[in-house]
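Keeping the supplied structure of chain A fixed, place chain D upon it in accordance with the hints.
Residues per chain, in single letters:
Protein chains: 2
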Amino acid sequence: MTDQTRIANPALRGKVMPAEAAAALIKPNTVVGMSGFTGSGYPKAVPQALAKRIEREQAAGRPFRVQVWTGASTGPELDGALAKVNGIELRLPYNSDPISREKINRGEMEYLDMHLSQVAPMAWQGFLGELDTAVIEVSGIRADGALVPSSSVGNNKTWLDRARQVIIEVNRWQNAALEGMHDIYYGTALPPNRLPIPLVRPDDRIGETSFRCDPAKIVAVVETDAPDRNAPFEAPDDTARAIAGHLLEFFSHEVAKSRLPATLLPLQSGVGNVANAVLGGLVDGPFHDMTSYTEVIQDGMIDLLDSGRLRIASATAFSLSPDAAASINARMASFRDKMILRPQEISNHPELIRRLGCIAMNGLIEADIYGNVNSTHLMGSRIMNGIGGSGDFARNAFISVFMAPSVKKGGKISAIVPHASHVDHITQDVQVIVTEQGLADLRGLSPKQRAKVIIENCAHPSYRPALQDYYKRALQGSYGLQTPTLLTEALAWHQRFIDTGSML
Amino acid sequence: MTDQTRIANPALRGKVMPAEAAAALIKPNTVVGMSGFTGSGYPKAVPQALAKRIEREQAAGRPFRVQVWTGASTGPELDGALAKVNGIELRLPYNSDPISREKINRGEMEYLDMHLSQVAPMAWQGFLGELDTAVIEVSGIRADGALVPSSSVGNNKTWLDRARQVIIEVNRWQNAALEGMHDIYYGTALPPNRLPIPLVRPDDRIGETSFRCDPAKIVAVVETDAPDRNAPFEAPDDTARAIAGHLLEFFSHEVAKSRLPATLLPLQSGVGNVANAVLGGLVDGPFHDMTSYTEVIQDGMIDLLDSGRLRIASATAFSLSPDAAASINARMASFRDKMILRPQEISNHPELIRRLGCIAMNGLIEADIYGNVNSTHLMGSRIMNGIGGSGDFARNAFISVFMAPSVKKGGKISAIVPHASHVDHITQDVQVIVTEQGLADLRGLSPKQRAKVIIENCAHPSYRPALQDYYKRALQGSYGLQTPTLLTEALAWHQRFIDTGSML
Chain A
118 MTDQTRIANP
128 ALRGKVMPAE
138 AAAALIKPNT
148 VVGMSGFTGS
158 GYPKAVPQAL
168 AKRIEREQAA
178 GRPFRVQVWT
188 GASTGPELDG
198 ALAKVNGIEL
208 RLPYNSDPIS
218 REKINRGEME
228 YLDMHLSQVA
238 PMAWQGFLGE
248 LDTAVIEVSG
258 IRADGALVPS
268 SSVGNNKTWL
278 DRARQVIIEV
288 NRWQNAALEG
298 MHDIYYGTAL
308 PPNRLPIPLV
318 RPDDRIGETS
328 FRCDPAKIVA
338 VVETDAPDRN
348 APFEAPDDTA
358 RAIAGHLLEF
368 FSHEVAKSRL
378 PATLLPLQSG
388 VGNVANAVLG
398 GLVDGPFHDM
408 TSYTEVIQDG
418 MIDLLDSGRL
428 RIASATAFSL
438 SPDAAASINA
448 RMASFRDKMI
458 LRPQEISNHP
468 ELIRRLGCIA
478 MNGLIEADIY
488 GNVNSTHLMG
498 SRIMNGIGGS
508 GDFARNAFIS
518 VFMAPSVKKG
528 GKISAIVPHA
538 SHVDHITQDV
548 QVIVTEQGLA
558 DLRGLSPKQR
568 AKVIIENCAH
578 PSYRPALQDY
588 YKRALQGSYG
598 LQTPTLLTEA
608 LAWHQRFIDT
618 GSML
Chain D
118 MTDQTRIANP
128 ALRGKVMPAE
138 AAAALIKPNT
148 VVGMSGFTGS
158 GYPKAVPQAL
168 AKRIEREQAA
178 GRPFRVQVWT
188 GASTGPELDG
198 ALAKVNGIEL
208 RLPYNSDPIS
218 REKINRGEME
228 YLDMHLSQVA
238 PMAWQGFLGE
248 LDTAVIEVSG
258 IRADGALVPS
268 SSVGNNKTWL
278 DRARQVIIEV
288 NRWQNAALEG
298 MHDIYYGTAL
308 PPNRLPIPLV
318 RPDDRIGETS
328 FRCDPAKIVA
338 VVETDAPDRN
348 APFEAPDDTA
358 RAIAGHLLEF
368 FSHEVAKSRL
378 PATLLPLQSG
388 VGNVANAVLG
398 GLVDGPFHDM
408 TSYTEVIQDG
418 MIDLLDSGRL
428 RIASATAFSL
438 SPDAAASINA
448 RMASFRDKMI
458 LRPQEISNHP
468 ELIRRLGCIA
478 MNGLIEADIY
488 GNVNSTHLMG
498 SRIMNGIGGS
508 GDFARNAFIS
518 VFMAPSVKKG
528 GKISAIVPHA
538 SHVDHITQDV
548 QVIVTEQGLA
558 DLRGLSPKQR
568 AKVIIENCAH
578 PSYRPALQDY
588 YKRALQGSYG
598 LQTPTLLTEA
608 LAWHQRFIDT
618 GSML
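Residue numbers (the working numbering), protein chains in the order written: chain A, 118 to 621; chain D, 118 to 621.
Extracted from the complex, chain A is given alone in its bound form (with noise of 0.2 Å):
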């Protein structure tokens, strides 16, 4: 029985299906844009019941398999059901399902890894191939046709604008009072005919509350109810909260040298343990009135706009955990005013991250003794997840922080290592690095400065003293001295961990 009130546009009601119906109308071999961003708003049917038909397919002899575009990571439900029966020929532009990451480290699966906020435009530029199919979960649909979002933006008005045929799920799970939450600005545009985005504060709206789609695109509708995959709240340790002690430490210091303002600056903050024990130690510390410009909105962030700290929260999806999930649910209406979600392509805007100044704080695999950050492989090859808006935020931040455990895997994987075996943040682009050792503020530092801070503030006492032998005979045997480096040695101590299990 179709949900009228979810359904409320007649003529999309007449295009209900299962989901089976629906993933039947995807052809072999096509480029499908799917909505979801770190686990919400994907769809939940119709890419499992397109995994089965692929399956089938597959089992009968005839090649099925697709290429995947999302917003970022998804669900088991999509990735890993499609990528379990070996359907997806190329993924972009972000991962962290579990089966599609052996499949891409085995070599089964092409991974285009990419900057969140180029997703979009360059999907407009066409070098990316036609979009043939989107899949886009909704809340539900307006009278008039306009589709309402769910708990993820992404970049799905850019698929439900490219795409050949659109199919929808309408997800009855997803809270109806969502509605107006949601900022969808129409005002991009391919070069040179592109403006100025006339956004100036964290809490402007700029766009329109639903997305645009001609119904004539609109092949199926398939109606769901089914929860987000969201993760249970991992709890802050010891480690995250002296990492989160360190860098709340440093912003008084800055406020007190007036460096930044006592609001602080929008804040962006990636998502994880350490993450939520900065947001945590935020709801305790000394500032008041503050913003948030980021991409996702994680357990976190709710505590701190509940604290009545965080005036308002700016970003293009929910990560949320099951428990924080039910308590936003119970009481959605009252956060319309605190929360806006945006297109990727806007959240992550350099133009606007430079502009609003924000304080960028993100996750790091390790960092060189110089501050080159790798956030994306192990051991200079293996994918771990992808650089996702890393690098929209680091570069455009008024400061950019990278934070980690000094070591991992029991110790046996520093944090720091003297050469990154993979790079994805320049060292212009890091000026924060913190570890529960300490704080490395590296801003102005020149590379031989900058190594001193870190082995000495940031570096694990198990290899502090190898850091600093190396470095010191860097000094001695480097062809040149403006980032010594002994090439042989460099890259050794990740051989040492494939070979033995540990760096030490």
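Check each hint, because a few of them may be wrong.
Identical copies look the same in the list; a pair holds intra-copy or inter-copy alike.
Straight-line alpha carbon distances no greater than 30 Å define the calculated BS3-like cross-link-like pairs of lysine-lysine that follow [unchecked claim]:
hint, residue 1, residue 2
1, Lys565, Lys526
2, Lys374, Lys201
3, Lys144, Lys374
4, Lys526, Lys455
5, Lys565, Lys525
6, Lys525, Lys201
7, Lys334, Lys169
Since the hints were derived computationally from the structure, they do not count as laboratory data.
Chain D only, in chain A's frame:
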């Protein structure tokens, strides 16, 4: 005899003094912000007088060094003279002076290599320290005390605003007809007070034609009559012409595919004979009504303006050969509506580069098989010049091109290597690589797809088999297969060059 035309303000005429007297006003161990960008518009007399003073003081056992901030590279009268006497403690944000380079690479001078767009905003942030003295070359002083810029703008506005005291060099050699060509934007601010920059075409003028400066801060005016460091034009050779040919063919292809307008998009171009070959090729190519939004106006850009193919050249500085300088000096007034010189924070602003959709064309030292580009460090440690504006442009461009001959040093160095020894531009920011061997269009390709195209299209035949062999073995022996890497061999080519003088 003071030139009353060039120094029309009577009060400032009263501050005219010899360079030695002006240099005596600079305190030891302070920060001096100088004008100058790519060898143009730098002060010619005061730095030399300062160098002599430093030499005398040091000989008398009194330590005397300064921090030198500029726009970009200057000339031998500034960087060369001060470096020679060991007078520079720290240099930012860019250097191409050979004496300074040698000191930096011997570890005798600290060098802070910065994104050129970020220098002014970071100086305002305050963490770089106090700016004590600004030494700025101008072409004249108006009756009202406003300063008419000379052949570069660079960070002059910011140095004048921030410095405790100001020393002005009025250079009679600079063409008086430069007046009116500059566009000094006074709308910048620190966050949270930043606003959209109202520039939507390379032709737009959004500021003033002169610098404001509180006359009370001006402690000295020095008259000079000295040419910029105009280096002789390096004529394109066959290799440069082959690179240009591949790139122009690519542009035509993109226009044919409707992925670029027939007028192209605003061109950003580095300097050197490859860049000049590209610009030379555009003189004879099929494109009309072109524009440029770039850092410097070099010989090739003048030819392109003269040909009528280029409508407007927006930059922050000239970088000309003596012949080209003489040529434009003879008819400067006729260029006034065809050239605009802006502060480097505007010429290189990410907001504007992204909005305009620049086509970025920059050189490289090396690229690895995945398309990570090293623009700065020889063998991973020895700085060549610096990142300059390449990061500002490459990340925000509509199409980001890097180009170089496939081999250097008579074939002993390959520009394509297994693993970049230093990374300035990550794969996400490198969309096209061109050598005389061919062009690799990397847009939309995963790392493994990129490797094949780069090796096949760009590597020199004398290195191609070794790269293919490395890649093939990396596909077998790598820890992960997203970016196949053999850690023990990744930097071996560079070590071989250090050991034997050749990568072969």
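Results for each hint:
no.	hint	in the structure
1	Lys565 - Lys526	both (29 Å within a copy, 29 Å between copies)
2	Lys374 - Lys201	neither (54 Å within a copy, 36 Å between copies)
3	Lys144 - Lys374	between (60 Å within a copy, 25 Å between copies)
4	Lys526 - Lys455	neither (39 Å within a copy, 60 Å between copies)
5	Lys565 - Lys525	both (26 Å within a copy, 29 Å between copies)
6	Lys525 - Lys201	within (29 Å within a copy, 47 Å between copies)
7	Lys334 - Lys169	within (25 Å within a copy, 76 Å between copies)
Consistency with the previously given hints fails for numbers 2 and 4, ordered from lowest to highest.
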